[in-house]
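Participant: One-letter residues, chain by chain:
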Amino acid sequence: MCVGVPAKVIEKKEYTALVDVMGTKMEVGILFVPEVEIGEYVIVHAGQGMSIIDQTFAHQSISEWEKMARADVI
Amino acid sequence: MQTLFEPADPAVAKELAQKVIELADRCKEKFGVMPAFMEVCGSHTMALAKTGVKLILQGHVNLISGPGCPVCVTDQKQIDAMIEVAESNNRIVCTFGDMIRVPGSKRSLQSAKTEGRDVRIVYSPLDAVRIAEENPEKEVVFLGVGFETTVPVLAAAIQLAAQKNLKNFSMWATTKLVQPVLRTLLSVKKVKINGFLLPGHVSIVLGEQAYQFLIDEFRMPGVISGFEPVEMLSAIYKLLKMVYEDRPEILNNYKSVVRLEGNKTAQKIMNEFFQPCDEAWRGIGVIPQSGLEIREKYSRFNAKEKFNIKVGEPKKTLCRCGDMICGLASPEECVLFGKACTPLHPIGPCMVSTEGSCAAHYSYMRKEG
Ligand code: SF4
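These protein sequence lines are chains H and L, in that order. Here the first sequence is numbered in this note's numbering, starting from 1 and rising by one per residue. Here the second sequence is numbered in this note's numbering, starting from 1 and rising by one per residue.
In case anyone wonders, no lab produced these hints; they're calculated from the structure. The structure displayed is predicted, hence computed values, not measured ones. Glycine included, each C-beta is placed from N, C-alpha and C at the ideal position. Fair warning: there could be bad hints in the mix.
[Said to hold, decoys possible] Beyond 12 Å from chain H on every Cβ pair, some chain L residues (computed):
{"hint": "1", "residue": "Asp9"}
{"hint": "2", "residue": "Ala13"}
{"hint": "3", "residue": "Glu15"}
{"hint": "4", "residue": "Leu16"}
{"hint": "5", "residue": "Ile21"}
{"hint": "6", "residue": "Lys77"}
{"hint": "7", "residue": "Glu87"}
{"hint": "8", "residue": "Ala156"}
{"hint": "9", "residue": "Asn165"}
{"hint": "10", "residue": "Ile215"}
{"hint": "11", "residue": "Pro276"}
{"hint": "12", "residue": "Ile284"}
[To be verified] Lysine to any residue pairs mimicking SDA-like chemistry, simulated, CA-CA at most 20 Å apart:
{"hint": "13", "chain 1": "L", "residue 1": "Lys255", "chain 2": "H", "residue 2": "Glu35"}
{"hint": "14", "chain 1": "L", "residue 1": "Lys264", "chain 2": "H", "residue 2": "Ile53"}
{"hint": "15", "chain 1": "L", "residue 1": "Lys164", "chain 2": "H", "residue 2": "Tyr15"}
{"hint": "16", "chain 1": "L", "residue 1": "Lys264", "chain 2": "H", "residue 2": "Gln60"}
{"hint": "17", "chain 1": "H", "residue 1": "Lys25", "chain 2": "L", "residue 2": "Asp127"}
{"hint": "18", "chain 1": "L", "residue 1": "Lys255", "chain 2": "H", "residue 2": "Gln60"}
{"hint": "19", "chain 1": "L", "residue 1": "Lys255", "chain 2": "H", "residue 2": "Glu14"}
{"hint": "20", "chain 1": "L", "residue 1": "Lys268", "chain 2": "H", "residue 2": "Glu14"}
{"hint": "21", "chain 1": "L", "residue 1": "Lys255", "chain 2": "H", "residue 2": "Met68"}
{"hint": "22", "chain 1": "L", "residue 1": "Lys14", "chain 2": "H", "residue 2": "Glu66"}
{"hint": "23", "chain 1": "L", "residue 1": "Lys14", "chain 2": "H", "residue 2": "Asp72"}
{"hint": "24", "chain 1": "L", "residue 1": "Lys241", "chain 2": "H", "residue 2": "Glu35"}
{"hint": "25", "chain 1": "L", "residue 1": "Lys164", "chain 2": "H", "residue 2": "Val36"}
{"hint": "26", "chain 1": "L", "residue 1": "Lys14", "chain 2": "H", "residue 2": "Val36"}
{"hint": "27", "chain 1": "H", "residue 1": "Lys67", "chain 2": "L", "residue 2": "Asp127"}
{"hint": "28", "chain 1": "L", "residue 1": "Lys268", "chain 2": "H", "residue 2": "Val36"}
{"hint": "29", "chain 1": "L", "residue 1": "Lys14", "chain 2": "H", "residue 2": "Tyr15"}
{"hint": "30", "chain 1": "L", "residue 1": "Lys50", "chain 2": "H", "residue 2": "Val5"}
{"hint": "31", "chain 1": "H", "residue 1": "Lys25", "chain 2": "L", "residue 2": "Val122"}
{"hint": "32", "chain 1": "L", "residue 1": "Lys241", "chain 2": "H", "residue 2": "Glu64"}
{"hint": "33", "chain 1": "H", "residue 1": "Lys67", "chain 2": "L", "residue 2": "Glu22"}
{"hint": "34", "chain 1": "L", "residue 1": "Lys264", "chain 2": "H", "residue 2": "Glu35"}
{"hint": "35", "chain 1": "H", "residue 1": "Lys67", "chain 2": "L", "residue 2": "Leu251"}
{"hint": "36", "chain 1": "L", "residue 1": "Lys241", "chain 2": "H", "residue 2": "Met68"}
{"hint": "37", "chain 1": "H", "residue 1": "Lys67", "chain 2": "L", "residue 2": "Glu293"}
{"hint": "38", "chain 1": "L", "residue 1": "Lys14", "chain 2": "H", "residue 2": "Met68"}
Using the sequences provided together with the hints, build the complete structure.
Facilitator: What follows is the structure in structure tokens.
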């Protein structure tokens, strides 16, 4: 129930957006993320976009974890 | 450049797992006990089991499931009351899928449906509002269980019903808040853990700053995590490091999704329609101000006020879901696990829910079968 699905916004209306979730298109609410723009990803929960995914942080995290995996413990 | 949804290099996850094991063993050497962390999100419970992270770390890190699955933490009396709501001819009861098979003292929503009651699974509470609009001659009740991630969506449904001036839509809301239950686990239940793997999605709404009390009141570290193996492994590594160095902090390992202050728009709508209330939790009892109820101003949408539902004391069973959600027992310690209680014939909510610890253990970690 709590599972959030990342979805790419492909069309935006006032309160809803058409999103692509791994090839499947669906309409979700954007009441909580009104500032979302086409091309951005949102985490969807129970039919509503809850958070816009920050790509910069996403890439930073990936490189942080790669470094962590390769560094010495402590 | 790697795009966001390309899976991370599996080699990284493998190396991270190795690092986690090394550091966990050093913690054990230093403190004489295996480090233990609790996850408080049903999606983490499932992801840790499904991805094999829990299995790989077995014997090095004790990963304990806490009160994260919304259906599992719901008090049996509330479950019975919600099933009772469906026991009327002129009603359409809408619910999230997880609720439908949860056993009540007499029966489940599923069996009520089989016997002809109008029980519908919806993806969103807003779908229930649409159903109410299409069926003006019927009372439509949405059964709203959930944590802070779900409550803003419940509020959005009430807002929509109010805008449409619907008289036949109401909600049976049994919602839970994360902060009070964490506090209770640490101060009343005295769970023995070294830190929390903090919930990714609840934190979207609450924000990183919501957990500072863990440090201030308990010196208990916590790391907000996503659900991919690398996300969870790196979060566990950060927890271990803080434990080893005795430098507890709240860290956000899910910065791409969780902001410092959370989602203010969601918080605002949640506060407009809901107010804090005392809530009963399975296996714990009533925790003051640990839930949210529909504000009086919107009581016309409150099914608890609209319908006169009375249920008796729930039937006692051997099910240990109550202990399970407090991290005081593991599924294998329940005598019914895998015998009388299986996903096909669940006895308690922890085996029904796709986020329940018994279901996760049965599907991915069972020793035999
Ligand atoms: S195995 Fe079944 S009966 Fe036992 S605690 Fe889990 S859900 Fe309850």
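Participant: A separate judgement is required for each hint: does it hold in the structure or not?
Facilitator: How the hints compare with the structure:
Against the 12 Å criterion, L/Asp9 falls within the reach of chain H, whose nearest CB is about 8 Å from its own CB. Taking the minimum C-beta to C-beta distance to chain H, about 8 Å, the non-interface status of L/Ala13 is violated against the 12 Å cut. The non-interface label for L/Glu15 is inconsistent with chain H: the shortest C-beta to C-beta separation is roughly 4 Å, within 12 Å. Look at L/Leu16: its CB is around 5 Å from the nearest CB on chain H, not clear of 12 Å, so calling it non-interface is violated.
A beta-carbon of chain H is positioned within 12 Å of the beta-carbon of L/Ile21; the least distance is around 9 Å. No Cβ of chain H comes within 12 Å of the Cβ of L/Lys77; the nearest lies about 20 Å off, and the non-interface call holds. For L/Glu87, the shortest C-beta to C-beta distance to chain H comes to about 24 Å, beyond the 12 Å cut-off, and the non-interface label holds. Not every beta carbon of chain H lies more than 12 Å from that of L/Ala156, the smallest distance being close to 6 Å; the non-interface claim is violated.
For L/Asn165, the non-interface assignment is confirmed: its Cβ lies about 18 Å from the closest Cβ of chain H, beyond the 12 Å cut-off. Distance check on L/Ile215: its Cβ is at least 21 Å (rounded) from any Cβ of chain H, clearing the 12 Å threshold; non-interface status holds. No Cβ of chain H approaches the Cβ of L/Pro276 within 12 Å, the least distance being about 20 Å, so the stated non-interface status holds. L/Ile284, annotated as away from the interface, keeps every beta carbon of chain H farther than 12 Å; the closest lies near 19 Å.
Of the pairs offered as hints, the one joining L/Lys255 and H/Glu35 holds, with about 18 Å between alpha carbons and a cut-off of 20 Å not exceeded. With a C-alpha separation of about 16 Å, the suggested pairing of L/Lys264 with H/Ile53 holds against the 20 Å cut-off. Distance check on the hinted pair: L/Lys164 and H/Tyr15 sit about 15 Å apart at the alpha-carbon level, within 20 Å; holds. A threshold of 20 Å between alpha carbons decides the hint, and for L/Lys264 with H/Gln60 the separation of about 25 Å lies outside it, so the pair is violated.
At roughly 17 Å between alpha-carbon atoms, H/Lys25 and L/Asp127 fall within 20 Å of each other, so this suggested pair holds. Distance check on the hinted pair: L/Lys255 and H/Gln60 sit about 9 Å apart at the alpha-carbon level, within 20 Å; holds. Between the alpha carbons of L/Lys255 and H/Glu14 the distance comes to roughly 27 Å, so the proposed pair goes past 20 Å and is violated. A C-alpha spacing of about 19 Å is found between L/Lys268 and H/Glu14, which places the hinted pair at or below 20 Å, so the restraint holds.
As the CA atoms of L/Lys255 and H/Met68 are separated by approximately 17 Å, the hinted pair is consistent with the 20 Å bound. The suggested pairing of L/Lys14 with H/Glu66 holds, with an alpha-carbon distance near 11 Å, which does not exceed 20 Å. In summary, the hint linking L/Lys14 to H/Asp72 is supported, as the alpha carbons are separated by about 15 Å, within the 20 Å threshold. For a cut-off of 20 Å, the pair hint linking L/Lys241 to H/Glu35 is broken: about 37 Å separates their Cα positions.
Note on L/Lys164 and H/Val36: the hinted pairing is violated, with a Cα-Cα distance of about 26 Å set against a maximum of 20 Å. Of the pairs offered as hints, the one joining L/Lys14 and H/Val36 is violated, with about 35 Å between alpha carbons and a cut-off of 20 Å exceeded. Annotation: proposed proximity of H/Lys67 to L/Asp127 is violated, straight-line Cα distance about 45 Å (limit 20 Å). The hinted pair formed by L/Lys268 and H/Val36 meets the criterion: a straight-line CA distance of about 18 Å does not exceed 20 Å.
Among the hinted pairs, L/Lys14 with H/Tyr15 is inconsistent with the structure: their alpha-carbon atoms are about 42 Å apart, more than 20 Å. In summary, the hint linking L/Lys50 to H/Val5 is supported, as the alpha carbons are separated by about 17 Å, within the 20 Å threshold. Under the criterion of a C-alpha separation no larger than 20 Å, the hint pairing H/Lys25 with L/Val122 is consistent with the structure, at around 18 Å. For the proposed pair L/Lys241 and H/Glu64, the alpha carbon gap of about 15 Å is at most 20 Å, so the pair holds.
For the given pair, H/Lys67 sits about 16 Å from L/Glu22 by alpha-carbon distance, which is consistent with the 20 Å threshold. Taking the CA atoms of L/Lys264 and H/Glu35, the gap is near 13 Å; set against the 20 Å cutoff, the hint holds. Taking the CA atoms of H/Lys67 and L/Leu251, the gap is about 18 Å. The hint holds against a cut of 20 Å. A threshold of 20 Å between alpha carbons decides the hint, and for L/Lys241 with H/Met68 the separation of about 12 Å falls inside it, so the pair holds.
A threshold of 20 Å between alpha carbons decides the hint, and for H/Lys67 with L/Glu293 the separation of about 45 Å lies outside it, so the pair is violated. With a CA separation close to 12 Å, the supplied pair L/Lys14 and H/Met68 stays within the 20 Å bound.
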